[in-house]
Amino acid sequence: MKASRLAPIIAAAVAATACSGNQAMFNPQGPAARSIASLGWFLLSVCAVIYVLVMLVAAWALTRRRSGSDDLPATTTRLSRAVTAGVLVTAVILAIFTVSSVVAGRGLTSPSGPGAVNLDVIGHRWWWEFQYHDVTPSDFVTSPNELHIPVGVPIQIRALSRDVIHSFWVPNLHGKRDLIPGDVTNTWIQADQPGVYRGQCAEYCGYQHAHMAFVVVAQPMNEFLDWIAHQRQPAAEPSSDEARHGRDVFLHSTCVMCHTVRGTDAGARLGPDLTHVGSRQAIAAGTLPNTRGHLAGWVADPQSIKPGVVMPPNPLQPSDLQAVLTYLRSLR
Amino acid sequence: MMRWNSYLLAVVLSIASAGCEREVRPFQDLSAASTTSQKPTLSQLYPGAPPPQPESSPFQHNAYAMAEGKRLFDSYNCSGCHAHGGGGMGPALMDDQWIYGSNPANIFETIVEGRPNGMPSFRNKIPDQQVWQLVAYVQSMNGQAPIDVMPGRSDHLSNGTPENARPAETPKQTGKP
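In order, the protein sequences belong to chains A and B.
Start counting at 1 in the first sequence, then tack on 9, and there's your number in my numbering.
Letter 92 of the second sequence, counting from 1, is numbered 73 in my numbering, and no numbers are missing.
Misleading hints may appear alongside valid ones.
Straight-line C-alpha distance at most 20 Å; calculated DMTMM-like pairs for lysine to aspartate or glutamate [said to hold, decoys possible]:
1. A:K185 - A:D172
2. B:K106 - A:E246
3. B:K106 - A:D201
4. B:K157 - B:D77
5. A:K185 - A:E138
6. B:K106 - A:E138
7. A:K185 - A:D201
8. B:K153 - B:D55
9. B:K106 - A:D172
Rather than coming from a laboratory, the hints here were simulated on the basis of the structure.
As the structure is a computational prediction, the values presented were derived from the model and not from experiment.
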C-alpha cells in the first residue's frame, strides 16, 4: 500500500528532474537540443490529448445506457462512419508526426555552418578522452573527462572507440551518438549560454558503465582560448621538496606504465593524461569530486571505488602516497 | 522418477560449480601469495633440497584474469618484442622451448626480474596481481592451461589461431637463448 502510494510521487520526481538541471533533455541549451525538446513536447502533447480523448470515449461507452430496440443496420452504418473517421484522423496525425520528426532530424545531422572547433571524442572503458585538433600536431590537446567548448559556435565531433560500443550524450546540447570501435561517427554540439553540463555514456559498455560520465564546460571564446593555451603547456615543475619526491615516486612506480605527464618521462597512453589533472573538476570519469582526500582513496585503491576499472591498487608507503598527492594536486 | 531427477540435479549442479572459479573476478587481490617479497632464484644450487616450485599460478583456472593478461600483454608492449607469441626481437612464447623454465614461478621471475639479452625488469612497474595475470596468459599461449579458461578470440581483428584452439605443447627447458 505504502509502496503503491509512493510510486507515483517517485515517478513524478524522476520525470521532473528531466525538465531542469544540467543533465536534462527538456532543459535545452543549444539549437540541436532545442529542436529535439520541442519535437518531444509536440509529440507528447498531441499524444496526451489523444490519450484523454480515448479515455473519455471509453468511459462513455462503458456507462451509456443500452437502447431498447437493436436497430442493427443503422448502428453498423454509424459505426463504420466512426471507424473511417478514426482511421483517417490517425493517418493524418501519423503523417504529421513523420514529417515533423524528419524535418527535426534533418536539422540535427550537421550544424548550419562549419565547425569552429574540431575534436575527437574517444571512448575507453570507462572514461572519455577529448582530443582537440590543431594544424600543428604538437599543439593537439588531450583533456580526459572534461570537455571545454566556446559558446555560440558549433563544435564538430568525430567519435571513436578504443574497445566496445559507447554512446556520447549531453542531454542539454544534443541527442546521442554511438562510438563504434573500428569506425568513425560524426556529431556536433553547440551551447548558447556559458554553463557546466553533464554528459554520460548512453550505451551499456560493461561493469562501470554507470560511472562513465564527463562534464562539458561552455565558456566565452576568449576564456576557451586561454584554457586551451594553458592545456598546451607541459606540466608545471614541482616547487616543493614533497612535490619533487612525489614526481620521483610517480616516475618510478606503476603510475608511469599507463599515464602521461607531458614534460616528464611519463608518456604511456593507456590511462588518462594527467598533465593538468589538478585543474579538473572530477576524477575517475565524473565519479568523485577532485579533492585531495578522494584522490588519495582513488590512487590507493581504485577497485573499491570503481570495481573492475583498469587501474590496479597501489600499495604505496603513506609518505610516498602523500607526496604523489601533493605532486598531482600541483599539476594545475 | 523423483530420485532420478534429484541425481540429475546433483550432476548438473556439480558441473556448474566447476565454472565458479573460472568466472570469478578478483578485482582486489593484495593477498600474501602475490607480493613481490618472494625471493628470486638466481642459482640452481640450494642448501638442502630445492624449494618447492608452485605448479600453477593463482589465476591458472580463472578466465577473467587470463583475458586481462591478454589485454595487458599488448598494453605493456610485451607484443613489441614477443609479437603475440610468435617471437621477434624476443623469443617465441607459443612454442615448446623455454630458456628460463616454464614453471609459473619462473615466468613470474622473468617478468619481475628481467633476463639477460633484452628482457627488461618490470619490478615495481607492474603490480603483482597483473604479473600473475600475465603469467596465466603466457602459459595459455602454448596451451598450458585448461581449454575452457583460455581466450577464444581477440578484441581486435586477428587471423591467428585463438589460444584455446592451439595444440598443447610439452615444455622443454633448453637453458640457452
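Consistency of the hints with the structure:
1. A:K185 - A:D172: 18 Å, holds
2. B:K106 - A:E246: 23 Å, violated
3. B:K106 - A:D201: 46 Å, violated
4. B:K157 - B:D77: Holds, at roughly 13 Å.
5. A:K185 - A:E138: Holds, because 17 Å separates the two Cα atoms, which is no more than 20 Å.
6. B:K106 - A:E138: Between B:K106 and A:E138 the Cα gap is close to 24 Å, so the pair fails against 20 Å, i.e. violated.
7. A:K185 - A:D201: 19 Å, holds
8. B:K153 - B:D55: 26 Å, violated
9. B:K106 - A:D172: Roughly 24 Å separates the two Cα atoms, so the pair is violated.
The earlier numbered hints that this structure contradicts are 2, 3, 6, 8, 9.
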